[in-house]
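Protein chains: 2
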Amino acid sequence: MKVKELQAILQKKRVDCALFYCVDFENVEKNIIYFSCYGGMGALVIPKNKKPFLVVPKMEEVKARDSNIKVVVWDKEKRLFAQIKCILRKQGVKIKKIGIDKTAVALTGYTELKKQFKAHFVDIFKECSALRTIKTQEEISIIQRGCKISDEIIGACIERFTKFKTETEVKAFLEYEANKRGCGLAFPTIVASGRNAAKPHHVSQNATLQKGFCVIDFGIRYKNYCTDTTRTIYLGKISESERKLYEFVLGVQEKLLREARAGKKCSELYNNAKRMLGKYAPYFTHGLGHGFGIKIHELPNLTDKSKEALREGMVVTIEPGIYLNNQGIRIEDDILIQKDPLLLTTYPKKLQVIP
Amino acid sequence: MKVKELQAILQKKRVDCALFYCVDFENVEKNIIYFSCYGGMGALVIPKNKKPFLVVPKMEEVKARDSNIKVVVWDKEKRLFAQIKCILRKQGVKIKKIGIDKTAVALTGYTELKKQFKAHFVDIFKECSALRTIKTQEEISIIQRGCKISDEIIGACIERFTKFKTETEVKAFLEYEANKRGCGLAFPTIVASGRNAAKPHHVSQNATLQKGFCVIDFGIRYKNYCTDTTRTIYLGKISESERKLYEFVLGVQEKLLREARAGKKCSELYNNAKRMLGKYAPYFTHGLGHGFGIKIHELPNLTDKSKEALREGMVVTIEPGIYLNNQGIRIEDDILIQKDPLLLTTYPKKLQVIP
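So the sequences go chain by chain: A and B.
Quick note on numbering: the first sequence equals residues 367 to 721 in this note's numbering.
Quick note on numbering: the second sequence equals residues 367 to 721 in this note's numbering.
Simulated from the structure, these hints should not be mistaken for lab results.
Owing to the predicted nature of the structure, the values given are computational and were not obtained by experimental measurement.
Accuracy of the hints is not assured; some may be wrong.
The list cannot tell twin chains apart, which means a pair is met if one copy fits it or any two copies do.
[As the list claims (entries may be wrong)] Here are the simulated DSBU-like pairs of lysine-lysine, each with C-alpha atoms no more than 30 Å apart in a straight line: (1) Lys480 to Lys442; (2) Lys414 to Lys442; (3) Lys705 to Lys673; (4) Lys444 to Lys468; (5) Lys424 to Lys610; (6) Lys451 to Lys565; (7) Lys456 to Lys481; (8) Lys416 to Lys442; (9) Lys589 to Lys531; (10) Lys715 to Lys492; (11) Lys480 to Lys468; (12) Lys673 to Lys424; (13) Lys565 to Lys444; (14) Lys565 to Lys424; (15) Lys424 to Lys456; (16) Lys565 to Lys436; (17) Lys429 to Lys640.
Isolated chain A (complex conformation) (with noise of 0.2 Å):
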């Protein structure tokens, strides 16, 4: 995506190019996969008035044909700079600024970059990130079938809920519909039962699903791009009291749904949740959502300490919740931000009550 808008970027910065590297497979570097479609070992360099190319090793080789860059084959007897180096010069490149991102690039690969390339190292982190952060027409479609596929196997999973016995069982059952589908995961997901609905980052071990809310916090991955939604169901029989208070949090989600227009900070959109939560709002301890693409966390943040507001093309999630000392409630929708908001994820928020 927007290669063209970084080079312009890069052109008025008269930063000679962007680098972007991985060297480590459990961690791959989400400039390259945003920017290339590759996603793996190696490295893009995108020059500012050449074309961009990738270096990896011979075994990715395959992979990295699938996106639109040129790819070169990493030499296994050079070093991934020096190759780079190599390749900038025969392209008549020169070399003296070099665009990269300081929050993904570790101390040992700057000392190594910094002995091959006799160049000054700017950050280009903001401008990246800004560029992710409105997404373009190719990735909110690609979203919008991410959160269709998610919103199935929700549903999927709420209809035969009743054969589940533990929080695991639930949990694997939904991963298993996403890896079915060809889908990844977008984080682990969270399946909360009875006390540990209280725990926002509940992590789902064996236990049996206990009486009360439920709350059920799911992300796909699909083609690179991330999902999230959180639905709460109650198990066993409720309440007045108990559905009412879901009722509220609904009603409260709803209502945000609706503020979350283009123009509006997300400072005051927090604020107004916290207002809106009344004698709850010290219940409710995270941010009321978070901005998605490639990672689960991208700007803007939702919280009072952001100074962004929202701008069309955002995708935002909206997810106010709150945790009591023995159960909690989460609600949560993956919206993309324009003038009248568009709601992304639409599997029904109507209480299910599972006997």
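Based on the hints, put chain B in the right spot on chain A.
Same frame as chain A, but now just chain B:
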């Protein structure tokens, strides 16, 4: 694990404390998991002669309390490093020299560290890595148990193989079984049939299972520790020459398993593999194996470039493979290095032909 051993190293190197931190929950810091058993956002500080402590977000407090390390809740109003500085001062720890893992610290984090601590930062990556390479009895027990679970799952998968139609279904089944047992994954499962088996790092798509060899490379994460096994089976009617080829690779693998004794140089073992593979050596395109633990790839590397020798207490994979134009075979086991290596993954390797 080995907090005391790290403290002894810090004392010897006159480093006042080790500091590991994690601000990205998608990429948890492995040293934090290793030394504290806590895996999440926050920081682990190990002073050279005072008690270590974790600083974690409120949300992660319960999870962190499962570790043996003192837990401090991250004060939302403070910067993480500022809070750590306060705690260390109260403990009376002078902070002139701080040990960090320079492969894990990004440039932005380093800038922040330098701002907070007017200290000298030394790289303790090698020291941490060396500690992690030699497993304790506790780690060995965990990995042994993990390998047993993984054996079981692979068995269940191959037993019902006739029911699968696509590579994705096989992958989904394996991962579901891991999930159901409360285990995570060590890496995304590889299922590669027919021509796909010729790609060592094939990404399973909704491809119909093809006639020929089918490579299944699967590893679970049990109590934070990885396992890593590959089995190759055959789908359809096998020819005599194909059967011979499999037997040949298996013979090589079994010889190498016996040769992997304490004292053996890694490069020598790799070169032996190449020699044993004879005319197939050019089709063996990756390393012979690697250490593993909390990460799936740890030291040592079993390649020609390695300068290390195998030592008692290491756990490594032995995974020769050959990748021809239209087919591939890889057989991989995990072993504990001792005088006589101990096989950890014991699912049978006699070729299974699924009609």
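For each hint, the structure was consulted:
no. : hint             : verdict
1   : Lys480 to Lys442 : within (21 Å within a copy, 36 Å between copies)
2   : Lys414 to Lys442 : within (27 Å within a copy, 40 Å between copies)
3   : Lys705 to Lys673 : within (20 Å within a copy, 61 Å between copies)
4   : Lys444 to Lys468 : both (24 Å within a copy, 23 Å between copies)
5   : Lys424 to Lys610 : between (59 Å within a copy, 28 Å between copies)
6   : Lys451 to Lys565 : between (50 Å within a copy, 29 Å between copies)
7   : Lys456 to Lys481 : within (20 Å within a copy, 40 Å between copies)
8   : Lys416 to Lys442 : within (25 Å within a copy, 45 Å between copies)
9   : Lys589 to Lys531 : between (32 Å within a copy, 22 Å between copies)
10  : Lys715 to Lys492 : neither (36 Å within a copy, 51 Å between copies)
11  : Lys480 to Lys468 : both (13 Å within a copy, 15 Å between copies)
12  : Lys673 to Lys424 : between (44 Å within a copy, 23 Å between copies)
13  : Lys565 to Lys444 : between (49 Å within a copy, 23 Å between copies)
14  : Lys565 to Lys424 : between (45 Å within a copy, 10 Å between copies)
15  : Lys424 to Lys456 : within (21 Å within a copy, 53 Å between copies)
16  : Lys565 to Lys436 : between (47 Å within a copy, 20 Å between copies)
17  : Lys429 to Lys640 : between (46 Å within a copy, 26 Å between copies)
The earlier numbered hint that this structure contradicts is number 10, and it is the only one.
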